[in-house]
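Engineer: Mind docking chain H on chain Y? Use the hints.
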Amino acid sequence: DAKTTQPPSMDCAEGRAANLPCNHSTISGNEYVYWYRQIHSQGPQYIIHGLKNNETNEMASLIITEDRKSSTLILPHATLRDTAVYYCIVRVENYGGSQGNLIFGKGTKLSVKP
Amino acid sequence: SAVISQKPSRDICQRGTSLTIQCQVDSQVTMMFWYRQQPGQSLTLIATANQGSEATYESGFVIDKFPISRPNLTFSTLTVSNMSPEDSSIYLCSAGVGGYTFGSGTRLTVV
Chain Y
1 DAKTTQPPSM DCAEGRAANL PCNHSTISGN EYVYWYRQIH SQGPQYIIHG LKNNETNEMA
61 SLIITEDRKS STLILPHATL RDTAVYYCIV RVENYGGSQG NLIFGKGTKL SVKP
Chain H
115 SAVISQKPSR DICQRGTSLT IQCQVDSQVT MMFWYRQQPG QSLTLIATAN QGSEATYESG
175 FVIDKFPISR PNLTFSTLTV SNMSPEDSSI YLCSAGVGGY TFGSGTRLTV V
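Protein sequences, first through last, are from chains Y and H.
Start counting the first sequence at 1; every next residue gets the next number (the numbering used here).
Start counting the second sequence at 115; every next residue gets the next number (the numbering used here).
Treat the hints with caution; some may be incorrect.
Once the Cα atoms are required to be at most 25 angstroms apart in a straight line, the calculated DMTMM-like pairs of lysine to aspartate or glutamate come out as [what the hints assert, rightly or not]:
id, chain 1, residue 1, chain 2, residue 2
1, Y, Lys106, H, Asp201
2, H, Lys179, H, Asp201
3, Y, Lys106, Y, Glu14
4, Y, Lys106, H, Glu200
5, Y, Lys3, H, Glu172
6, Y, Lys106, H, Glu172
Here are some, though not all, of the chain Y residues that point toward chain H, as calculated from beta-carbon distances under 10 angstroms [stated by the list, open to error]:
id, residue
7, Met10
8, Tyr34
9, Tyr36
10, Gly43
11, Tyr46
12, Ile48
13, Val85
14, Tyr87
Worth flagging that the hints you see were computed from the coordinates, not collected in a lab.
Only a predicted model underlies this, so the values are computations on that prediction, with no experimental measurement involved.
In this text, a Cβ means the ideal position worked out from N, Cα and C, and glycines have one as well.
Bound-form chain H, shown alone:
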């Protein structure tokens, strides 16, 4: 199964700023996914990222707030823009074939 490196592992950011999270996969994958996990909650899918096309966002998530890049088949970034304390969550990427692998997550705190 694919191995995913996600960074940063955690960050504390000021409100109004942006943070870009990176995910690197050790093999080429067609689909990559970005999730948010709010404190004490389950995972919520933000968007699906295909290489060479615009990401597909789930209801409640918009590109202006969570722009995603997918420049090649092994890499993707998620930016959390104009952050507020409500954006404090763990953000995870996922990729692979069949049984998807997840990154270890980025714990974001907005102050």
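Here chain Y stands alone, though its shape is the one from the complex:
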């Protein structure tokens, strides 16, 4: 079973920041938080990941609470093309064995509206 909880859907106005929450209260010390998104009819796309520090890249920012039990993905200026299902996943970052698997939950369907 997925180890994260996300709201099933969210709306965001175009040009505004989209803040997508994720709860992972049972996260272990060696588990990272990963975010992916899936635009309709495409394969999932990696967005960002982090362990405990906040992270930022060209796509988004990831804010992880100090106790690591929750996080927020921030799309600073949402566009219509950001409409997708966003998945928050926790996993151990090693590259062998079943612990490296990505287990997808139901995700949040983000709708960016003009």
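Structural biologist: Quick look at chain H alone, frame taken from chain Y:
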């Protein structure tokens, strides 16, 4: 990040037949993964494929139904065997290091 080519992109198959899906990665990767996405649902992991060893299947998936090959570090196939309409789904492969890359998926319809 790795680039994955997956084919076929879609197919319509008769029940009782088999379909083999191929994934080619543009770099060598240790682990490759196969997922199924049923209509309107999230992704479900089918199996993990290591080069040179048998695939590891998740609960509910068996090798006789979903045989996997991993002949080298850049290629893998998933076969959906003895298909029924319940196998109609999108099948995706994934590979890479860290932030895994996904293929574009194979949309399978069984009639």
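Engineer: Could you work out which earlier hints the structure fails to respect and list their numbers in ascending sequence?
Structural biologist: Hint 7 alone not satisfied by this model.
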